[in-house]
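> One letter stands for each residue in the lines below.
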Amino acid sequence: MISLQQIRWKLIIVLTLMLPMYQNCGQFNSNSEGLNLSSFGNNSKFQCDPSATPTVSNTRRLTKKEYVNTLTDLAKVFSLNDQQALQAAIQSELDLIPADSNLDSRFSENSNFVSQQLTDSLVNVAIAFSDFVAQNNTRLTQFIGACAASGDVNSACINSFSQNMGKKIFRRPMTPEEVQDLNTQLQAYTGSSAKWLVARMLASPQFFMHVEDTKTDLGGGLHEITDHALANRISYFLFDTMPDDELMAAADSGQLSTVAGVQEQLNRLGNQQNHAAMKNLMASFFEQWLKLDEMVLPDANANTLMQNYAAGDQLTMESIKNEIHEMIGYFTFTNPGSFRDLFTTDISFAVDNNLARIYGVQPWNGNPSNLVRFPAGERAGLITRAAFLANQGSLTKPIHRGIHIRHDILCDPLPSPPAEIFDMRAVPFDESLTTRERIAHKTSDSSCMGCHSRINDTGFALENYDSFGRFRLQEKIFDPETGTLLQTHPVDAHVQPRITRETSNQSFSSPVDYSRAIAESGAAEKCFVKTFYEFVYQRYPDVEADGCSLEQMRASVNDEGGSLKELLFRIPASRQFRLKRVSQ
Amino acid sequence: MFYHKASRRHFLIGAGKAALALPILSSIMPRQALAQAVNNTRFITFYMPHGNISSSLFYPSNAASTEVTGDYAHPFYHSPLSLGGQPQISRMLSSGLNPFISKMNIIRGTDMPTYKGNHGDFTFLGQFHQLRGKWSGAPLRDSQLEFPHVPSVDQFLAAHNKIYPTTPSARSVVYGAASSRVLVNPSNPAEGTKGAPGQGDLLSLWNTLFGGDVDSQDPQQMARLQNKKTLVDQVLGDLNSIKNRRDISTEDVRTVESFADEVNELQMKLNATAAQCAGKGTAPSALSINGSSTDAERTQFFDLYTSILAAGLKCGRTKIATIKTPGNQAASGNWHAWSHNDPHDAPYDHKEVVADNVSYIIENMVVPLLTKLDTNEGSGSTFLDNSVVLFGGVNSGAHKQYHLPMLTVGSGGGAFRTGHYIDYRKRVNGSGRGVYYNQLLISIMMAMGLSPQDIAANGNYAYSGVLPEGMGYSYSPSVTNMAPNPLPFLYTGS
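Going down the list, the protein sequences come from chains A and B. Our numbering applies: residue 40 is where the first sequence begins, and numbers increase by one. Our numbering applies: residue 2 is where the second sequence begins, and numbers increase by one.
Possibly wrong hints are sitting among the right ones.
[Claimed, not checked] The calculated lysine-lysine pairs, modelled on DSS-like cross-linking and capped at a C-alpha distance of 25 Å, are:
1. A:LYS254 - A:LYS104
2. A:LYS103 - B:LYS270
3. A:LYS103 - B:LYS195
[As the list claims (entries may be wrong)] Each pair of labels, with its calculated beta carbon distance range:
4. A:ASN340 - B:MET223: 50 to 60 Å
5. B:GLU353 - A:ASN340: 17 to 27 Å
6. B:GLY193 - A:THR229: 54 to 64 Å
7. A:ASN340 - B:SER452: 50 to 60 Å
8. B:PRO81 - A:GLN513: 55 to 65 Å
9. A:ASN176 - B:MET223: 43 to 53 Å
10. B:ASN377 - A:ASN176: 11 to 21 Å
11. A:ASP112 - B:ALA279: 53 to 63 Å
12. A:PRO407 - B:THR283: 46 to 56 Å
13. A:SER543 - B:SER96: 51 to 61 Å
14. B:ARG225 - A:LEU257: 25 to 35 Å
15. A:ASN176 - B:ALA191: 39 to 49 Å
16. B:ALA191 - A:THR355: 49 to 59 Å
17. B:ASP72 - A:GLU476: 45 to 55 Å
Don't read these hints as lab results, they were simulated from the structure. Because the structure is a prediction, the values reported are computed rather than measured. Yeah, the Cβ is synthetic: ideal placement off N, Cα and C, and Gly gets one too.
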């Protein structure tokens, strides 16, 4: 018989051995700002120190989307037929510009990757564009001016060009020195000087980069950017293209030097006809935040197993993205909602039959007065939708779901598995066990539980949804080889997920309650704000230096009067939005 | 077989350098000698994402049997590669490879220096910083033991002036950036690396290799080229002006410098006159693997891709190609997903599925390229002989980063012994640990013409294999001490 004393000592030894494992996951948090201010913080606000020097975004190139949109806007000087002809003429060169990617950043909008292929292509597009313009006098006149109709330009012609199309291309007034340089540099070309004027301008870094001028030295290496640079930031942030004429005129007149003037322009730009473009912006953020392009969906036709498991259901990325677009559009413009709404809403935005069927509802027809609600108690918010839940195969992935929530929803990343584990084999198939039971058993070793104690319940909480995202109370176990239904087990979704340290005693049996608790934890809201900050400013925030901006963003999207729309429009009006760092 | 082994090396050390320093001598040098003045070895990699390769399905069934002893980490073994009456070498190494057996090596028993767990794509080409952490964005547990940030081996080679004494059409081509990495800021490696830009579709690949070709007999094309040179010069001037502005940050300067570097490279390419390349064909459509929905379309894509790449390699437009095999689109399911599921949630073993995909890629992508490169380059050797093709992955099983499955084809111009199954594992108590994987990368870099000093001069132990105490697996000093060396038996080219 083992004595109580022996048990006590064994317990002490086991806990001592496990301590480093827990410390590993715990230590990470205590070293990160995430512990103090986000995932385990009881402070639901960011600390704003007005004396702190904020971080600011860097000079970057135009993304491919921005570049193409800007060229398209410049081409509006041509007839519709010529706009189409231009697109056909330069498309093969545009195709060679590398796609915006998240190779060097979390969001493709922030891609600042420079490569040989990109550089080659930017030069080649400029030349192809100039070839097109130089093909006839009408185009030369429209793009440069009547003075260029002959195919050549003189000093006066260059001067007038600089005040019209030249200003559009540089997205600010050209300086006299730049105009003079053009006069000089065009002498080096053979052939049509008008043609090479176009190529020269479109190949300029002032066109393909965001080169921002400054007007006021604020000290500490910070400068305030000019009104034209601000006009560019506003336009590229909201619309991915160059400022329209009214915004440029506002910059010309000094209107953008005042907060009221900026707000007036934002009010104008926020009109309904621009909602589609801004909805795309928000949808792009949500798609990348939720990592939709990394999802591998269940294939209902892959084999007999999947056919039996799917039981007629189908899921496509298009239907998933459509739902997210509709949801974001609704909460940004139709009925502006807060961050909390994103995690608590029971409105289905499934607009196609397949996804609606998965949710057990009718498709939404897009009419805001005819909203479709999920069955009571089944779903609440983003993490209970297919965009978050779906995965390949007939089994759920609670570990992946748990990590996704920890990493992306709570900004609470986890370290690598310990080096001692060399050979993790597949979770053994056992028809007598649920997925939860198999994974719980597999990760029960103390060397795993240091981190899996924070992963497993975070993912198990969503076991009421299968790999299609269908709500379930029973888990069906199929034979992996034949696809025959072997067993049905009740789903156990009772969890104690330790969303934050302060709420570590909370337990849940309902994914709806769980999602609501995440929304109300404060950690998820702050994580969302930090992620959106990264999306806007192309860098992960420093919670101390950027505390004021973060808090302003948080306040603009929280449940006390804030909304996604507020978030979207308060950022361009903020102080940080007009700052630039220069060398000290 | 060995191909102009001694003369190539000696020429590099002696007359080669002199010839490069005194180009006037080239007119009196024999053509063959000129060809040898620069090491023309090519380096092509096929990387299997995740790997998760079952050893029983990858290696030949008969163990390597001939023991090699000497001043090595420990005794190791080899056997001549043969079919042994079987239709193919192994379940994965399928019959398309049969004609290349004498030019191949199957290498077993090279190990990552330490544990990653999974997602160690970068490590395939020596970016060992990814080891120990960086999973889910988490910080390292032992930051003082962090491996340094270095460019991946392919990009280190691509930037080296011994590999490219003059500017080529493309320093490298990359398909899927998984393992190909460049430094974010070359002047401050601590800032990390980013994926190397690549060519994801056929037109991009073709254009990168041949898009700048100009017919020197056509006055219009030459005038246009001259104007383009002028334009590029002026763009470079613009960038330098921006860089020198006062209202710009250090980080901004780096962005501008990145552009300036690329424009400068473009300028040099425009000033170089590449010889016409007969095999380049015409510009294809911008077809990508993602646009290929059927097996037939994928096969066509692979055929065109390998044709363009082979032409570029043969015409000297590039020497380096880094390919992440497109497992996600392979014939029988989602390779990445199956591999990934295996250690976590999947209820049953998918090693057969992975094996199907490995064979599929070998038959449809690797073998076609090998075949197209195995044509006469002169002096009795083929372009393939004068290349090193590396096929492998960084997981030999679920979360196992040792005994990595590796296949090489080509002798690197005689630097590699070929035709062998080489097993570097220490045979004690079953199968023990092997030797550092770094040694294979070092072998390849030396086959490409770099000296140990060139590699060590980079100042990092990621390539040379000198690991600070406590960084790696627990290996004996006999293994650790050998880490800076090329693999014995395989590498013969000194």
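> For the range 51 to 61 Å, tell me whether the beta carbons of SER543 (chain A) and SER96 (chain B) fit it or not.
Once the Cβ atoms are compared, 59 Å apart, the range 51 to 61 Å for SER96 (chain B) and SER543 (chain A) holds.
> Using the beta carbons of ASN176 (chain A) and ALA191 (chain B), state whether their distance is inside 39 to 49 Å or not.
violated, 57 Å
> Is it true that the C-beta distance of ASN176 (chain A) to MET223 (chain B) lies inside 43 to 53 Å, as the hint says?
Hint violated: Cβ distance 27 Å, outside 43 to 53 Å.
> Per the hint of 25 to 35 Å, is the separation of the Cβ atoms of ARG225 (chain B) and LEU257 (chain A) within bounds?
violated, 48 Å
> Verify the proposed pairing of LYS103 (chain A) with LYS270 (chain B), using a straight-line Cα cut of 25 Å.
Judged against 25 Å, a Cα distance of about 24 Å means the pair holds.
> Using the Cβ atoms, figure out if PRO81 (chain B) sits within 55 to 65 Å of GLN513 (chain A).
Holds, since PRO81 (chain B) and GLN513 (chain A) (Cβ atoms, about 58 Å apart) stay within the stated range.
> Quick check on a hinted range of 54 to 64 Å for GLY193 (chain B) and THR229 (chain A), using CB atoms only.
violated, 45 Å
> Taking 11 to 21 Å as the hint, is the beta-carbon distance of ASN377 (chain B) and ASN176 (chain A) inside that range?
Given a distance of about 56 Å, which is not inside 11 to 21 Å, the answer is violated.
> Is 53 to 63 Å a correct range for the gap between the Cβ atoms of ASP112 (chain A) and ALA279 (chain B)?
violated, 43 Å
> Could you say whether the range 46 to 56 Å given as a hint is met by the Cβ separation of PRO407 (chain A) and THR283 (chain B)?
Holds - the Cβ-Cβ distance for PRO407 (chain A) and THR283 (chain B), about 54 Å, lies within 46 to 56 Å.
> Does the structure keep LYS254 (chain A) and LYS104 (chain A) at a Cα separation of 25 Å or less?
Violated, because 29 Å separates the two Cα atoms, which is more than 25 Å.
> Is the distance from the Cβ of ASN340 (chain A) to the Cβ of SER452 (chain B) consistent with 50 to 60 Å?
holds, 56 Å
The structure shown violates the earlier hints numbered 1, 6, 9, 10, 11, 14, 15, 16.
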